[in-house]
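Enquirer: Here is what each chain is made of, one letter per residue.
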Amino acid sequence: MKAHNYVLELMNVTRTYQLGKLKVTAIKNITLQIKAGEFLSIMGPSGSGKTTLLNLIGALDTPSEGCVLIEGNDISKMNDAQLTKIRRHKIGFIFQFYNLIPVLNALENVELPMIAAKIPRKSRERHAKYLLSILGLEKRLHHRPEELSGGERQRVAIARSLANNPSIILGDEPTGDLDTETGIEIIQFLKKLNQEQKSKTFIIVTHNPLIANMTNKIIYLKDGTIEKIESKI
Amino acid sequence: MTARRIIIFLIGILFSISGIFLCINYFKSYISFLTGSFLFFTLGAFLLAVGLFLLIRSLHKIQFLYFGIVLTVFGILELFIGFQALFFETMNFSEFMQIGEVLIGGLFFTIGMVCLGCQILPYIITGLSYLFKPILGFLRAAMTRNILRYPRRTQNTFAMIALGLAFLIMISTFLSSISAGILPGAKLSVGGDMRVGWGSDYAPLSYTANLKGVNHVELLVPLRIVSSNCIIDEYISDYYVHFIIINTTDYAKLHKEPTLLQALNPTGLSVDDFIHKLDQENSTILFYELANALNKTVGDYINASSAEFKTTKLQIVGLCGRMPGVYYTYYEYSPPHYIAILSWSTFFKLTGYNITSYPNLVGWVVGLDSLANDGLVRSQFTVILGQYRTVYEWDIESIRKPVEQYSGIINTIYGVLSQILFIALIVSLLGLAITMNISIRQRRSEIGILRAIGISKRQILQMFFGETITISITGILFGSITGIIIGYLLIYNFPFIEWMAVIFTIPWTTLGIYWTILLVVALLSSGIPAYNANKTNIIDMIRLRGG
Chain A
3 MKAHNYVLEL MNVTRTYQLG KLKVTAIKNI TLQIKAGEFL SIMGPSGSGK TTLLNLIGAL
63 DTPSEGCVLI EGNDISKMND AQLTKIRRHK IGFIFQFYNL IPVLNALENV ELPMIAAKIP
123 RKSRERHAKY LLSILGLEKR LHHRPEELSG GERQRVAIAR SLANNPSIIL GDEPTGDLDT
183 ETGIEIIQFL KKLNQEQKSK TFIIVTHNPL IANMTNKIIY LKDGTIEKIE SKI
Chain B
7 MTARRIIIFL IGILFSISGI FLCINYFKSY ISFLTGSFLF FTLGAFLLAV GLFLLIRSLH
67 KIQFLYFGIV LTVFGILELF IGFQALFFET MNFSEFMQIG EVLIGGLFFT IGMVCLGCQI
127 LPYIITGLSY LFKPILGFLR AAMTRNILRY PRRTQNTFAM IALGLAFLIM ISTFLSSISA
187 GILPGAKLSV GGDMRVGWGS DYAPLSYTAN LKGVNHVELL VPLRIVSSNC IIDEYISDYY
247 VHFIIINTTD YAKLHKEPTL LQALNPTGLS VDDFIHKLDQ ENSTILFYEL ANALNKTVGD
307 YINASSAEFK TTKLQIVGLC GRMPGVYYTY YEYSPPHYIA ILSWSTFFKL TGYNITSYPN
367 LVGWVVGLDS LANDGLVRSQ FTVILGQYRT VYEWDIESIR KPVEQYSGII NTIYGVLSQI
427 LFIALIVSLL GLAITMNISI RQRRSEIGIL RAIGISKRQI LQMFFGETIT ISITGILFGS
487 ITGIIIGYLL IYNFPFIEWM AVIFTIPWTT LGIYWTILLV VALLSSGIPA YNANKTNIID
547 MIRLRGG
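Note that the protein sequences, when read in sequence, are chains A and B.
Those letters in the first sequence? Residues 3 to 235, per the numbering used here, in order.
Those letters in the second sequence? Residues 7 to 553, per the numbering used here, in order.
These aren't lab readings, by the way, just hints derived from the structure by calculation.
Keep in mind that a hint or two might mislead.
Cross-link-like lysine-lysine pairs, in silico, DSSO-like; alpha carbons within 27 Å at most [stated by the list, open to error]:
#	chain 1	residue 1	chain 2	residue 2
1	B	K541	A	K79
2	B	K407	A	K120
3	A	K124	B	K463
In silico negatives: residues of chain B with every beta carbon more than 12 Å from chain A [what the hints assert, rightly or not]:
#	residue
4	I130
5	L137
6	I237
7	T303
8	G305
9	G421
10	V422
11	E452
Where chain B lies over chain A, by a calculated footprint (3+ residues, C-beta under 8 Å) [said to hold, decoys possible]:
#	stretch
12	55-68
13	94-101
14	113-123
15	185-198
None of these values were measured; they are calculated from a predicted model.
A virtual CB, placed ideally from N, CA and C, is assigned to each residue, including glycine.
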């Protein structure tokens, strides 16, 4: 059995925060295994620990207890430089408010992660153009975020998340700032990508049951623990 | 925003009025600038500049380009008028106005340059940013656009550096040029490294050989005065006219420094070229006072005669305010003695006396080598002159005394000014540090996003350093060029006291110190907050974006 049969493994993960004198446990003793190519969502009420879980999976944070394995690598023991590399090569982020760099145009925003990965200029430009074209933005390459609609901005953010060909794509309420129609369109596109590129795992945090129902698996969180896992297939 | 504009506008008015008052104070007492009025000008000019700049900036939708062009052209025009007024009396400006014109012109020029700089800032920054391409690669574009993203903030930072530095460098250049002119200035008053002069009697030429034998004496240039029955044209009055006879070749050797020597001649010629004009047949150089009294100028002819030569037509080849070594020895204010200078060749032609056959002299100007000890040479001269009991009332003067005197004055000015410069520098640096700090703090969420998508801490620091260095270098470039230009114009237009000579000198060491301090402060003020931001949790930084 290969060590990285699972693209993502969480073993007894707990994350606590110190808020002044108060110790807050955001997630408690979570154990979870996610296979490569899954398309799943995480649902739960506010304060249930969804974003904390996503941050741990995305190597933005490290657990207080337990371990998080991304393709078999335990990130809880990694230093900052190693975590940066994991985020650069293994993870793609899609944020609720797009988080594009306002001074760069669509093409440059998509190129940004590839710069960190030291991909030659021509290659990264070609790849960024390709990603934007499959997202239907071939005519908006040189527009800055402020000149794009919400849906277009989110598509640029998706293209950016795919730039370094990561194995895990994380969406933190990616449709939260969009109207329902555009939101569904975005999720459909992600699903299509998941079907085309079977090795890529998509994990989407959402409040919206409509969005969650479009995924193949739903993980319900409550009070920092997994309440249930619902498989659609 | 409106309240902010009103506050800036009021600060601008406050600064401007303070500046004007301080400048007026300076203009009123400009003659005694050595005792502190210059201090008022510097502070006043700086405040006025900042005030005007703030006023301009406070107006909404102002086209800096047009303001910049108008102010710069006006500044140059003012300087030109000031220059003309200083040296060509047809302008009929009072000296008071001349200084005002020059200084206000310089001030307007500085503000104009900074305004122009603000206008073309995007192009300069884009150009400069290519320097960082090898380090930053594609992040260069992000860096450049981040700099230009907040144009007002960038312009403010740039203007703060450029304006502060321009004044610092202007004053440093001014003082360095005066300092560099101390030695030539002292030589200008003494005539050489040392002067042996007589009050009323003549000294025999035969002394020359003995004095020449003194250790470290390189050059001994005899000067001869003709004072009996000297008449020029039909000018007869209560005033005395003297002819001073000099050996042009030897005399010019004493003054090889590239001194401005404004008081000597305003033509911009070197002393060598100026003096060698006398080699032309039957020519003379007149002191200004004499030329004015005769209503003559360069190119005109005068009829000169004395007890030793008949009336002869001489052409005026130059005018001067003084002659090194001649002025103090022979010129007296009361009653006024007017001076005309002839070369030995002309004098020989008129009288038949050459430099070796003429029996009596009045004195020598002496050139010493670099190893000479002033006191030892003086004592040897004293021994030699003491052997001749036929002469008395002689005096030996060396450049040591005026050098000490001038150095003392310059040090006093520098001491006072350096305190103001230091305060100005601290204020500029604080402003720079605060601006940089705010700028980076406001962009912490962006740092978070960059970190989240895999940009390393090092790359982020490089990007911020690149931004800071680019703005700083742009400010340094403009401030330095403007400061040097204004310093140059000031040096070449300032009506110096007669004994002062100046050599335009760019104080590279001081400039280097200013540049280094500015860059270090700029790097620290962006590096520390960027470093701290880097240490902050990425999630917290992204959360700042409102997500």
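Enquirer: Next step is simple, just say for each hint if it's right about the structure.
Expert: Each hint tested on the structure:
1. K541(B) to K79(A): Holds - the C-alpha atoms of K79(A) and K541(B) are around 18 Å apart, at most 27 Å.
2. K407(B) to K120(A): 69 Å, violated
3. K124(A) to K463(B): OK: K124(A) and K463(B) at ~25 Å, within 27 Å.
4. I130: Non-interface label on I130(B) holds, nearest chain A Cβ at 18 Å vs cutoff 12 Å.
5. L137: At about 18 Å from chain A, L137(B) clears the 12 Å cut-off, so the statement holds.
6. I237: 83 Å, holds
7. T303: Consistent with the label, T303(B) stays out of reach of chain A, its closest Cβ about 65 Å off (over 12 Å).
8. G305: 67 Å, holds
9. G421: Check passes; 48 Å lies beyond 12 Å.
10. V422: Its Cβ never comes within 12 Å of chain A, the nearest being 47 Å, so this holds.
11. E452: 6 Å, violated
12. 55-68: holds (count 4)
13. 94-101: holds (count 5)
14. 113-123: Answer holds; 7 residues pass the 8 Å Cβ test.
15. 185-198: violated (count 0)
Checked against the numbered hints given earlier, this structure breaks hints 2, 11 and 15; the rest are met.
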